[in-house]
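Chain B: place on chain S using the hints.
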Amino acid sequence: MMRLVALMAAALMAGCAAGDAAAPMTAAVAPGLGAAERDRAIALAEADQPGGRVVAVTSHPDPTRRIAVVLRYDPVVDLTRRAFIDVARGEVLRRDDLKAYPTPLHPEEIEQALALARRAVPAVETAFRAPGGPPRHDWVNVVHGAGPRFGHRLVVLRFHHRELPASVLVDLTAGTAVRDDN
Amino acid sequence: MITRGLVVLLGLFATGVAAAQPVAPCPTSDRSEQYFPPGSAPERASSGWRIAWQLWPATPPNGPAAKWVIAGAEFMTRGHDGAPRWLKVLDHLHLSEMYVPYDSGHELFDISANNFSFVPIAEGTSVAAAAPTPPCHHRQIVLEEVRDDDVRWVDDRRASQIGRGHELVLWATLDGGNYRYVVRYGFADDGSIRARVGATASNLHHRRRDRDPRAEVVAEDDIHVHMAGWRLEMHLGDPAANRVTLLERRACSDPGAACGTERGAVLERRTFLNEGSAVWRPERFGMIVIENGAGERRPGYTMVPRSAGVVRSARPFSQSDFWVSRRDPQALLAGCARRIPPEWVFIDLPTWQSCPQTLVGHAAVLWHQSAAYHWPRGEDFGAGSDHRDSGVATTAWSGFDLIPRDILPGTPLLRR
Chain S
1 MMRLVALMAA ALMAGCAAGD AAAPMTAAVA PGLGAAERDR AIALAEADQP
51 GGRVVAVTSH PDPTRRIAVV LRYDPVVDLT RRAFIDVARG EVLRRDDLKA
101 YPTPLHPEEI EQALALARRA VPAVETAFRA PGGPPRHDWV NVVHGAGPRF
151 GHRLVVLRFH HRELPASVLV DLTAGTAVRD DN
Chain B
1 MITRGLVVLL GLFATGVAAA QPVAPCPTSD RSEQYFPPGS APERASSGWR
51 IAWQLWPATP PNGPAAKWVI AGAEFMTRGH DGAPRWLKVL DHLHLSEMYV
101 PYDSGHELFD ISANNFSFVP IAEGTSVAAA APTPPCHHRQ IVLEEVRDDD
151 VRWVDDRRAS QIGRGHELVL WATLDGGNYR YVVRYGFADD GSIRARVGAT
201 ASNLHHRRRD RDPRAEVVAE DDIHVHMAGW RLEMHLGDPA ANRVTLLERR
251 ACSDPGAACG TERGAVLERR TFLNEGSAVW RPERFGMIVI ENGAGERRPG
301 YTMVPRSAGV VRSARPFSQS DFWVSRRDPQ ALLAGCARRI PPEWVFIDLP
351 TWQSCPQTLV GHAAVLWHQS AAYHWPRGED FGAGSDHRDS GVATTAWSGF
401 DLIPRDILPG TPLLRR
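If you read the sequences in order, they're chains S and B. Per my numbering: the first sequence = residues 1 to 182. Per my numbering: the second sequence = residues 1 to 416.
Derived from the structure by calculation, the hints contain no laboratory data. These figures come from a predicted structure and were not determined experimentally. Careful, some of the hints might be misleading.
Here are a few chain S residues that face chain B, going by a calculated C-beta distance under 8 Å [as the list claims (entries may be wrong)]:
hint, residue
1, Ala47
2, Gly51
3, Val140
4, Ala146
Label pairs and their calculated CB-CB ranges [to be verified]:
hint, chain 1, residue 1, chain 2, residue 2, range
5, S, Met25, B, Arg415, 27 to 35 Å
6, B, Gln319, S, Val54, 28 to 36 Å
7, S, Ala88, B, Glu379, 52 to 60 Å
8, B, Thr395, S, Gly147, 46 to 54 Å
9, S, Met25, B, Ala83, 19 to 27 Å
10, S, Thr64, B, Pro61, 52 to 60 Å
11, B, Glu262, S, Asp96, 49 to 57 Å
12, S, Val76, B, Pro60, 20 to 28 Å
13, B, Thr394, S, Asp39, 43 to 51 Å
14, S, Thr64, B, Ala83, 31 to 39 Å
15, S, Gly175, B, Ser385, 42 to 50 Å
16, S, Asp96, B, Ala41, 52 to 60 Å
Built from N, CA and C at the ideal position, the CB exists for glycine as well.
Pulled out of the complex, with its shape left as it was, chain S reads as follows (with noise of 0.2 Å):
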């Protein structure tokens, strides 16, 4: 009884591996997008809702259509709009209007943070007057998803600098900007 037992579950793995022959080992994806492609998924998207400023343009992985993730950001109302275009077809197949979404930020909003930066936190402001030019930096994009500032564009500047507080929050919404060091 046992032998058959152990017969019958090898005649199905057997057929579990015999099945699987001839499975591509490497799944199909989509390639990414031409700057004709880009380009014409952002037109798309502007020309079905405008207003706000390119962030992002991604390739949706889906092998069988040419589709393109267009994300912009609208400062004026505070919202992430998001648009699938089928490149090939010429058609908008959905838009979203996404509030506190996680949206990367503009090269324009960077230099928009430093400059509130600057101006609200004296230390900063003589750090980038100092010769030997601008103190060492970098940024982090921040969300809140919830309490005062949900839904505001906000960005964490990081200073490795002695005499700078550790990190600025912006709030590119409130066009204000504090000590985040604790």
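Chain B only, in chain S's frame:
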């Protein structure tokens, strides 16, 4: 002019390791093949793995971040007749999101909202000399090692003989601003797969020492959670024939448990017939099993969470720990908004599942959150310093295991 380039990529230095082996380029790129026991020729090996992956670059200028995708994994074992049997286990596995909610209210989405990339392996990187086969690297990004995997079993019938395991480990490090995320996949000789992500590097803030140690409520801005959002597709011979089921041990003292009077507990099964989600209940040993076929013996894999806890925030995606979606959803459903195949973004899962579709006869995608909690401590900082740049936080891991079920013909490594 601010650029990410101002963030110096620290790289990976395995310091303090005596007699370490230098890392050389691997013989293949983006593909690994390993047989067990280590050093075995393929025709003599008892088991083995073939792995393929892809590196998807970050989207310019500021994100989303890069992704490292396991794009196929095949496991070889031997049947009763000694013949090798290959089974494609995975079609796809990657870290889709790293959500970092701070106690201060800050939320970071290190993958969706930033342009982080995988960091190159620093010159001089080395690994322990005890590795049974030489380590190597792929494109200076992915490190490949074979490691001892501890005691696989102890045989009570044979003088407590020990079966010692090995695993092929692939790992790479994602830049996360002040953080570095070590993404690691282990493919073991017993067919198990271990997915882990470890958070390390410098804190966002300096250390504060002026808190009242007697206070019952600690309100430190730097306390945070690293919630990893994983996405995977199992293959198992025929993905459309896979069934995804939540398993939970229900104690009979638990109200609502369907027990007989003499039992202590029962194993409850809830198969996902439609797209949906489930909460992980560690008190019920909650796990997901993905089984192929409908017979009595259904080869499959069990997903076991390896998490210190779970994240619950105002974000809808954080309200469940397992999500199951269709790989090829219908574009249009009566009564539903127009739908397209869901983008591969963890945080959008609740949106895409507002019109759940049937999973019967369709390949499924499994999503899982794992989390590590970071309460900063003195060891995160340099000696005598409270400055965040003076030290690094040691790695905190989370992830999950995929454990084969009725895949191997018997106990791995055991010869009787």
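Quick rundown of the hints versus the structure:
1. Using the Cβ-Cβ criterion of 8 Å, the hint placing Ala47 (chain S) at the interface with chain B is not satisfied: the shortest such distance is roughly 18 Å.
2. With a least beta-carbon distance of about 19 Å to chain B, the hint placing Gly51 (chain S) at the interface is violated under the 8 Å criterion.
3. Interface restraint check: Val140 (chain S) against chain B, minimum CB-CB distance 5 Å, threshold 8 Å, status holds.
4. Evaluation of the Ala146 (chain S) hint against chain B yields a held restraint, the C-beta minimum of about 4 Å falling below 8 Å.
5. In this structure the supplied range 27 to 35 Å holds for Met25 (chain S) paired with Arg415 (chain B), their Cβ-Cβ distance being about 31 Å.
6. Checked against the hint of 28 to 36 Å, the C-beta distance between Gln319 (chain B) and Val54 (chain S) comes to roughly 31 Å, which is consistent with it.
7. Roughly 55 Å separates the CB atoms of Ala88 (chain S) and Glu379 (chain B), a value that falls within the hinted 52 to 60 Å.
8. At about 30 Å, the beta-carbon gap between Thr395 (chain B) and Gly147 (chain S) misses the expected band of 46 to 54 Å.
9. Checked against the given bound of 19 to 27 Å, the beta carbons of Met25 (chain S) and Ala83 (chain B), roughly 20 Å apart, stay inside it.
10. At about 29 Å, the beta-carbon gap between Thr64 (chain S) and Pro61 (chain B) misses the expected band of 52 to 60 Å.
11. Look at Glu262 (chain B) against Asp96 (chain S): about 54 Å separates their beta carbons, and that is inside 49 to 57 Å.
12. Look at Val76 (chain S) against Pro60 (chain B): about 25 Å separates their beta carbons, and that is inside 20 to 28 Å.
13. Distance hint for Thr394 (chain B) and Asp39 (chain S): a CB-CB separation of about 46 Å, consistent with the stated range 43 to 51 Å.
14. A beta carbon spacing of about 37 Å between Thr64 (chain S) and Ala83 (chain B) agrees with the range 31 to 39 Å that was offered as a hint.
15. A C-beta distance of roughly 35 Å is found between Gly175 (chain S) and Ser385 (chain B), which places it outside the suggested range of 42 to 50 Å.
16. A C-beta distance of roughly 54 Å is found between Asp96 (chain S) and Ala41 (chain B), which places it inside the suggested range of 52 to 60 Å.
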